[in-house]
Each structure stands twice: as structure tokens, then as C-alpha cells.
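Residue numbers (our numbering), protein chains in the order written: chain A, 1 to 109; chain B, 1001 to 1645.
Treat the hints with care, since some could be wrong.
[As the list claims (entries may be wrong)] To give an idea of the interface, some chain B residues facing chain A are shown, with a C-beta separation under 8 angstroms as derived from the structure:
| id | residue |
| --- | --- |
| 1 | 1623 |
| 2 | 1626 |
| 3 | 1627 |
| 4 | 1630 |
I should point out that these hints are in silico values taken from the structure, not numbers from a laboratory. Ideal Cβ placement from N, Cα and C applies to all residues, glycine included.
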Amino acid sequence: MPINYYIVLALSLFAIGIVGVLTRRNAIIIFMCVEIMLNAVNLLLVAFSKMHHAAHAATNATAGTDGQLFVFFIMVVAAAEVSVGLAIIVMLYRNIHSVDINFLNRLKH
Amino acid sequence: MQKRKIRTEVFVNMKLYLLLIVLLPFAGFLINGLLRKQLSKALIGMTGSGVVLGSFVLSVIAFFDVKANGGQVVKYFDFINVGSLKVPFAFQIDQLSSLFLLIITGVGFLIHVYSTSYMHEEKEEHFGRYFAYLNLFIFSMLLLVLGANFLILFIGWEGVGLCSYLLIGFWFKRDDYNKAASKAFIMNRIGDFAFLIALFLLIGKAGTLTFSELFTPTALAKLTATDITTITLLLFVGATGKSAQIPLYTWLPDAMAGPTPISALIHAATMVTAGIYMIARSNLMYSMAPVTLQVIAIIGIGTAILAATIALKQNDIKKVLAYSTVSQLGYMFLALGSGAYVAAVFHVMTHAFFKALLFLGSGSVIHAMGGEQDMRKMGGLNKYMKVTNITFLLGCLAIAGIPGFSGFFSKDEILAGAFAKSPVYWVLGVLCALLTAFYMFRLYATTFRGAFRGTKAQEDHLHESPSAITIPLVVLATLSVIGGFVGIPEFIAHGAHSLKEFLHPVFADSYTKLPVHEVSHSTEWMLVAVSSTLVILVVAYAWTRFSKKPDLEESTGFRRVLENKWYVDELYNAVIVNPLKSLGSFFNNVIDTKVIDGAVNGVGRLVKYGGRQFRWMQSGQIGSYILLMVIGMLLVLVVQFFLRK
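Isolated chain A, as found in the complex (with noise of 0.2 angstroms):
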């Protein structure tokens, strides 16, 4: 399969999470958002590593495994930050009985 349709795939999923982090009030609706677009990279990260592995599998055993590589650690990062992200969410239901973000302008005053 050729390398574009990873591309644009990545492409139209980063878009997705953009146009949702942007239009989106709901603070858990954006986070998904941002997950979104962290594994739209992720996926490009796979692609491109699976399209170097191919031109140099001949001579070079490992070639390409790096950037999966990537995608793991992002993984492993990323959970972390959810838990955080969520924690954090938590806590502001908590203190002002609601996940809109347009009631988070305090830091203005």
C-alpha cells in the first residue's frame, strides 16, 4: 500500500482533533481530541518507519525500528499525561460542578 493513504489517514485525524480542540467546550471531549492527534502522529511514525524499512531491509537488519520505538515511548508518555489530564478534571468538576472550559477564564483576573 503506498505511503499516501497513511498520510492523508494521519492528516484527516490530526484535522479531526484540531477542529475538536477548537469547537469543543466539554474539557473531556478536548481531551480525547488531543489523544486523537497524538496517535494521528503516532500512526505517521509507524508508516514512515515501515516505508525506511523497506528501502534498506537488504543491508540493514534493525533498519526502521526506531521509529516504532518512538511510538512506544509516546504511548508510555501519554498514559501518564491521561492520568494527570483526567486528575486534573476531576478536581475542577469537583470545585465548579461543571467540565466547560469557558468557565475556566479565572486565570484572566
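We have chain A already, so just place chain B on it with the hints.
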């Protein structure tokens, strides 16, 4: 071996002596200045006079040492040491400076003593302030005279300018006095500016400011004739400021605003003689610039005549003396310009005696008259003030140049030098001497002869001044009478001009550079006879005329022009002061308020306006921040991929 040892010992002492001569008045300045509220008037007067007396005693010792052993340069420390420029802090004591030391500290001391009585009515702190300034004045002048290079000289040069400002404006509550003080300072600054340029030129062209390195025929031979002419002319402009010559003389008559002893100090012992000293010190350089000498002679005689004509019609007793000083200084510059350096220094000395005497005498008169300075309200004072009368008369005789008095010898020597240069100078010089005799005896007769014209209250108040005032008068009168005998001219007695012999080492190199004009003794006799006869006739005329009928009525026509000082002040106001003032107000009102303030305020207003316009960005809404962030990223991407070549 033994002899050499003694000589070194003298040298070591000299280093200390010179330092003490200078530092004693400075110590007096510090004590009187800092403790003026604590010390009593008697203590202040004693400190102030005592330090100057100490300097005088040391100066006498230094003078005799110079007379026996010759001059020397004493170095204390490196003042400036940058690259090839080396300016040591050093004093030069030689025949010229030791003579000036005696004049400054001697006459200065008498003026200090006189002041203790004259200023007695001042409050304690003002009395202390007065003596502090007076001591600082003496200190600056000593620094000026002793400096072994132009820089030290310049420090003293500026110092006397500052002190004259402080003392002319001593009674600072009166606005016109403050203006007179500022005028003196500004006029001096104009001259100092030229002086400073000359110093920089000297550093640039000759690489040194030290007199002993600079004023040797070999060192000066390295400079081109144009350089020397430029430098000497610029230095002379400095001298016209300090020594009140055309065009910068107008401050000196205004300096009468200060207390009378200050006028005596400025006019006789310090300050105005600085220019003469500086040129006499640089005589070799001036002798190599014939153009400059010509300029100096013309300015000198021009000033002498101009000031003398103004003095004819002044009614303020101090103003007459002030213009007389300007005129006599012109005489000294005529002598310098004619190459008769000894005559100039000689006249500085005799003038210091009789002008200090005349000013202190006029102070005594003003004191007795209860502050009145207008001669038209005096008259007949000889009956009330015997000592002042006699000493003042002696001073007038001396300044008029009556044979036998000190002024005669110095004036005659100047006239002889001028005649050698050009007979025209001689004629103008004699004319000026006649004018001098006329206005001095107009002053004397109007003040001391005839009938008293003041009020009854003033007449009852008239009294002879206390001894602190009369003793300096007597001393100065004695000096005015006998002071000329150190310079008896060659044609009267061979080898009797001891001053000329004494000063010879200072001017020896110049004599080889200057063209020699010998005037035969018979011609000199004739010149002296002519000038003396004329002077005596004028004195007799002025005396008899003004004793009987002093000119009290309003003057008209040309006399009015003279009374108004040829309208020179008005001319300066119209040509220089007022245009500068309007330029200043233009800069104040237009450039400063409109352009500069406008620019500064405009920047502020722009920032304020810009801030208001961009306030919507800081909404506090996370969503809008993210939107902006995404737009920014998109922009970066667009630039990165589509716009970059």
C-alpha cells in the same frame, strides 16, 4: 663638596616651602569655610590674614633664595601620565614667579587686614564666607603663578575666575550683583575657551605643556610659524578675558558690585594680572610671533585709550578706578606687544601698589560716607579724613606718573618701549597718560577738595577709618612712592635698573629673537621731559578746575556717550546677548516643547493606543488562545512550505 651639600639642603626646603606657600591659604579657606558658624569674627580675621602672612614670609624666603641660587622646578607627583603625554604636578619658582608671589601675598595680606575692619558689619557666617573666598582666591592665584606647566596654570586660572564670581556676587541678595558676577564668569569663560584650545594645540603640536621643556629655542623651532601665531593668539584671547581687554573688558567695571577690598584684590594683586603673567611667562613663544605681538600692542593701546575716555565722565568713585585699571592693563599689554616684557612686569608691580591703595582708599571714603559711592555727593573730605586724603593723593600722583613716584618709572619704561616699536604708540601712550592724569585728579579734587555736598547726616557721620584700614593705606602709599626705585631707567643712572637685572634670565632668550631698537639717551630724556611736563600741566588744570567747580550738571552730547561707556554694553546686548536670548527662547518654546516633548509624548501615546487596540487578544478564554496558536502554526507551515524559495 661642602658648598654643594648646602645647596641641596636649600632645594629640599624649597620643595616644602612652595607647597606651604600654596597650601596655607587653602588651609585658611577650609578652616574659615567649614567653621564659619563656630568661629568668632576675630578668630576668622586672624586665621584669614595669618595664613596669607605665612605665605608672604615664605615667599620672601623663596625670593631671596631665587635671587641667590636662581630658579628651579620642583616636582611633586605625576598629575597626568597617558601615552606620550606627561603632565607632572610641579611648581616652577624663578625670578618671575617669585616676584609675583611677593606681590600676591604682600598686597593680598594688606587687603586681608583691611577687610577685617571693612567687613566687620557682616554677620559671622558671612564674614567667614568672605574670608574663605578671599583665601581661596589667593590660593588659586598662587597656583596659577607657581604652576610649572600650562595645566597647573590653568587650574589656578579657572580658580581665580570662580573666586571672582563668588566674591563679586558676595551680596547675593541683590539681583544686579548676581548678574554682574555671572557676567564676569561668562566673559572669562569665553576667554578660557580659547585658552583651552591653545592648550590642546600645544599638546598636539609640541606634545608637552611644561614650561621648561616648551620654552627653549630648540623645542619651539619644531613648531611652524603659523602654529606659534595661532597658539599665541588663542592664549592672548584667554588673556583678554582674564585681564579685561577689548573685546572682553566689560566685566571688570561691573565687578565693582563686590565689596571694595575685593575690587582691590581683583584689580591689583590677583586675577587681572594673570594674563600679563601668562604672556610674560610665554615670552619666548610670543617673541617668535611678530603678528601676535602687533595684535597685542594694538589691542593694548586701544583698550587703554577707550577705557581712559570712559573714565573721564564716570561719577561713581569705584567705576573711575575700574576703568582706570582697564586702561592701565591696556598699558601693560602695549608693553608686552612692544616686547618690553620687563616694563610690563614692572608696571604690574607698581600698579598693584597704587591701585590697591586707591581702591582701599576709596573703600575708606565709602565707609565714611555710609555706603555712598557717587562723587557728586562728596567733596571736601580732606578736612575729615587726613590719612585717607594724603595716601589717596600719593596714589593719584603715582598713577598719574609724576616724576619720582613709582608710576612714573614703570610708565616711562613702557612709553620708551612703545617709542622703540613705533612713535605712533608713544603718542597714543602719552595721550592715554594725560587722560589718566586728568580723570584721576578729577576724581581726587571732586572727592577730597572743595565743599562737602552730601547731606547733613552724612557730614556728621564723617570720620577717619580705624587703624586696620589706615595702616594698609600707609604701607601701600609708601610702596607707591618708593616702589619705582627698583627700576630706575638706564639713561638716568647706569646699572640702576635692578628689576631688569633680576628678571634677565626669564627674558634672556627673547632678547635674541626680538629686533633691537635702541633709543639714544638724549631722545629718552626728551620724551620723558615732554610727557612729564604735559602730565604735570594736566594735573594742575584738573586739580584747580574740579576743586572749584565739580561737574555736577547732566552731561550732554559727546560727554553723554562717554558717561554711557560708548554704549558698548548696549552694543553687546544688541549684537550678542539679545540674539542669543531669542535663540534660547526659540529653542525653549519651539524645539523643546514642540519637537522634543512632542516626540517623547508621542511615543508614549503610541504605545498606549497600541495597547488598547490589542487588548482583545488577552480574553482569558482558552479556546481563543488555542485558535490563535493554531493560526500561528498554520502560518508557519504556509511560510515553510509555500512561500520559502
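Checking hints one by one. Is residue 1626 (chain B) an interface residue toward chain A, by the C-beta closer than 8 angstroms rule? 6 angstroms, holds
Was the hint right that residue 1630 (chain B) lines chain A, CB cutoff 8 angstroms? Holds: closest Cβ of chain A sits about 6 angstroms from residue 1630 (chain B), inside 8 angstroms.
Is the shortest C-beta separation between residue 1623 (chain B) and chain A less than 8 angstroms? 6 angstroms, holds
Taking 8 angstroms as the limit, does the beta-carbon of residue 1627 (chain B) come near enough to a beta-carbon in chain A? Nearest chain A Cβ about 6 angstroms off; hint holds.
Of the numbered hints stated above, none is contradicted by the structure.
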